[in-house]
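2 protein chains.
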Amino acid sequence: MTVSPLARPFPALSPIAGVRIGTATAGYKAWTRADVTLVDLAPGTAVAGVLTRSKCPSPEVELCRARLAGGRARALVVNAGNSNAFTGLSGREAAATQTATAAALLGCAAEEVFAASTGVIGVPLPRDKAVAGVTAAHAALGQADFHAATVAIGTTDTFPKAATTAAMIGDTRVTLTGIIKGSGMIAPDMATMLGFIFTDAVVAPEFLQAALAAANAASFSCITVDGDTSTSDTVLAFATGAAGHAELAGWASPGADAFAAALADLCHQLAQLVVRDGEGATKFITITVTGAEDDRAARVIGLSIANSPLVKTAIAGGDANWGRVVMAVGKAGEAAERDRLSIRFGSTEVAAGGMVVPGYDEAPVAAHLAGQDVDIAVDLGLGQGRARVWTCDLTHGYISINADYRS
Amino acid sequence: MTVSPLARPFPALSPIAGVRIGTATAGYKAWTRADVTLVDLAPGTAVAGVLTRSKCPSPEVELCRARLAGGRARALVVNAGNSNAFTGLSGREAAATQTATAAALLGCAAEEVFAASTGVIGVPLPRDKAVAGVTAAHAALGQADFHAATVAIGTTDTFPKAATTAAMIGDTRVTLTGIIKGSGMIAPDMATMLGFIFTDAVVAPEFLQAALAAANAASFSCITVDGDTSTSDTVLAFATGAAGHAELAGWASPGADAFAAALADLCHQLAQLVVRDGEGATKFITITVTGAEDDRAARVIGLSIANSPLVKTAIAGGDANWGRVVMAVGKAGEAAERDRLSIRFGSTEVAAGGMVVPGYDEAPVAAHLAGQDVDIAVDLGLGQGRARVWTCDLTHGYISINADYRS
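The listed protein sequences derive, respectively, from chains A and B. The numbers in numbering that gives the first Met the number 0 rise by one with no breaks, and the one at position 267 of the first sequence is 266. The numbers in numbering that gives the first Met the number 0 rise by one with no breaks, and the one at position 366 of the second sequence is 365.
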């Protein structure tokens, strides 16, 4: 598979204390690559998660949702090549059996084992392969690093995606590292956004959940490749507590803001990497909406622009077709007044006050659109609401990946 | 431009008493084709309309919305090649001046002249060309038929689209004829859905509006090509009253149901023709949703499937990827229970009870998908809500039309 032209190099990642990784080949497809990943987490690790809002979620998503209530994790199992979604009782049993196997091997409660699977919908996870795979991954614990795990959780991803950052909690430096896969919110048979964040910080589960939810709202919830939402989207954050500082129990704890800011920065980086591997992507598009009634309205309008096939194809073609942005604002359904609307491409204002700016010169806009990074800014002139969303262009590559083959 | 493979022949259309048509070349683009259409309507003609819900509508849409309150029409002016949307004061003045010119030529009030424009967004309708064009079209009144008008209102349409039907009001046969253009809800610079319906029936404006709104809900509101909503979408219905029967004043009037049914049938035909000319379309897709909580939920779920790029590309590729239908149901946000969901492609049930059917054979599904007409049926197993929506597939043709050129 051709690497996305928007790819970023894999960062240098140090191990996180309290996190051990093993990978193995379960053989969910006719391949020899590693496709099952087991992460062993130190006892007492706090866990938080955000999960797909799909009404037809995978059994793994349901399992995570139920187990998040406990707030503690001892292991994570990830399968690549089979999403196990829409597979009825046999799929549910396979997920339960695989996580119970991990629990038995690690000597923990099954309720402390989390799971995610990505790949084709509608084929039950083969139970025997899943059990053998996680057993082999357990035997290999400590032999895989974050890079190996990132490759093992990938499917149609064209490059491995990870990010790292750090925060100071008092005098203690804590590390936050995340790995992520996904080339669409969902993609052809074999893709879904799965993200896993690991930190050695000492964090109460409730605060980890609050900080993750806040970070998610401005990162994973603000990206779109094709507007299609997976049955399996999962982001889990694990805090092993190995750094040993005083626990971050809530927003008032010393260092809580620094940790939350670092987590938000990490999610921001990971989310952008997913867009950079969007199917067929050739342009990375940032859409900034200001002046909306409120932040919620700004995000809805931003996503309406980001999901518009006509806006995305115009940018693919390097076409300064700002009328399509007007269309996408108009269809979003949120408060907008045509005659207060202004639009920028890059640093050039193209429209204001309900019409094109006097003496509009398309040349600088065309030059901006010829680059890989495209910025569109819309001001609604109504209030203080603002949002930023990220997407990619819609190209022949997307059609080729999704239509020009039989699954 | 290549004619859509889904095109239908133009029907034989008789004139409607009380309707006279003239076309002319205003020259909104560098072309010699007719691009302005004037329709002269008998005094007392009732009018009704449904208009885009865009928050950034064109001045013509605003003008129609205001004038519909009067309930009577003497003329319709349609411009092709310039949508006049997002053009500020000068666009509004051009629309007002052009319709005032038509009113002066016909000796009626300006408030009885309706207008629609389609084409590039952001370029004010050139006032002098618009006035000269409508004046020339007035001089040509009676020289154009419905076919000529259909061609003159078209833009990127690959074939002219019209339909006709009739109803019996007591002993009187009335005719309903509609012409329509549009190759997307909006399309590259030059497209929008504009539909105009003419009948010689005698109908009170209030009932015409009620019947049109009901017909619209099950036709134009149930189609999608790319999910992008135009700033200019307009459907107007004109009843000249030339048939001379007792006025249809409301649903209780004798013949009202027959008229409404004929109008609904006409709108249904016209809406399907728009899908058949969807940009890049190679498959005509009918999506039937049953068993939803209510009809509204069924329509939302149907449109979620119809607008999903992954469903549309799968069908373009002849891929029986029913997992993508599950995904689209799940993301719609309406009530759904995975384990009650069933899905059919053509006459083959592929999934039921939350999983693939036992012994599922893909062969008949693949055969169905190889044809031009694709039927997808989803039953939610929850209630009595149902809806039917129509769309087309998403192909390289769509990308080529919308990205592979500079506007």
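A few of these clues could be false.
No distinction is drawn between identical chains; accordingly, a pair holds when it is met within one copy or between any pair of copies.
The list that follows gives simulated cross-link-like pairs (lysine to aspartate or glutamate, EDC-like), each with its CA atoms no further than 20 angstroms apart [claimed, not checked]:
1) Lys54 to Glu292
2) Lys54 to Asp293
3) Lys54 to Glu110
4) Lys28 to Glu246
5) Lys128 to Glu92
6) Lys128 to Glu246
7) Lys54 to Glu205
8) Lys128 to Asp293
9) Lys54 to Asp378
10) Lys28 to Asp293
11) Lys54 to Asp338
Keep in mind that the hints were calculated from the coordinates and are not lab data.
Note to self: Within, between, both or neither: how does the pair Lys54, Asp378 come out at a Cα-Cα threshold of 20 angstroms?
What the structure shows: Only across copies: Lys54 and Asp378 sit 14 angstroms apart there, 34 angstroms inside one copy, limit 20 angstroms.
Notebook entry, point to check: Checking Lys54 and Asp293: alpha-carbon separation at most 20 angstroms within a copy, between copies, both or neither?
Noted result: between (27 angstroms within a copy, 17 angstroms between copies)
Note to self: At most 20 angstroms between CA atoms: does that hold for Lys128 and Glu246 within a copy, between copies, both, or neither?
What the structure shows: neither (40 angstroms within a copy, 74 angstroms between copies)
Checklist line | Status of Glu205 relative to Lys54 across identical chains (alpha carbons, at most 20 angstroms) | finding: neither (25 angstroms within a copy, 41 angstroms between copies)
Next item on the list: Pop the pair Lys54 and Glu110 into one bin, within, between, both or neither, using alpha-carbon distances up to 20 angstroms.
Entry: Neither: 23 angstroms inside a chain and 49 angstroms across chains, both beyond 20 angstroms.
Margin query: For Lys128 and Glu92, with the copy left unspecified, which applies at a CA distance of at most 20 angstroms: within, between, both, or neither?
Written below: within (13 angstroms within a copy, 71 angstroms between copies)
Checklist line | Intra- versus inter-subunit Cα pairing at 20 angstroms for Lys128 with Asp293 | finding: Intra 49 angstroms, inter 42 angstroms, cutoff 20 angstroms: neither.
Check: At most 20 angstroms between C-alpha atoms: does Lys54 with Asp338 qualify within a copy, between copies, both, or neither?
Finding: Between copies only: 11 angstroms across, 39 angstroms inside.
Note to self: If the cut is 20 angstroms between Cα atoms, do Lys28 and Asp293 qualify within a copy, between copies, both or neither?
What the structure shows: neither (47 angstroms within a copy, 41 angstroms between copies)
Next item on the list: Measure nothing new, just compare the shortest in-copy and cross-copy C-alpha distances for Lys54 and Glu292 to 20 angstroms and report within, between, both or neither.
Entry: between (29 angstroms within a copy, 14 angstroms between copies)
Margin query: Within, between, both or neither: how does the pair Lys28, Glu246 come out at a Cα-Cα threshold of 20 angstroms?
Written below: For Lys28 and Glu246, neither the intra-copy (43 angstroms) nor the inter-copy (69 angstroms) Cα distance is at most 20 angstroms.
Taken one by one, the earlier hints fail for this structure at numbers 3, 4, 6, 7, 8 and 10, listed in ascending order.
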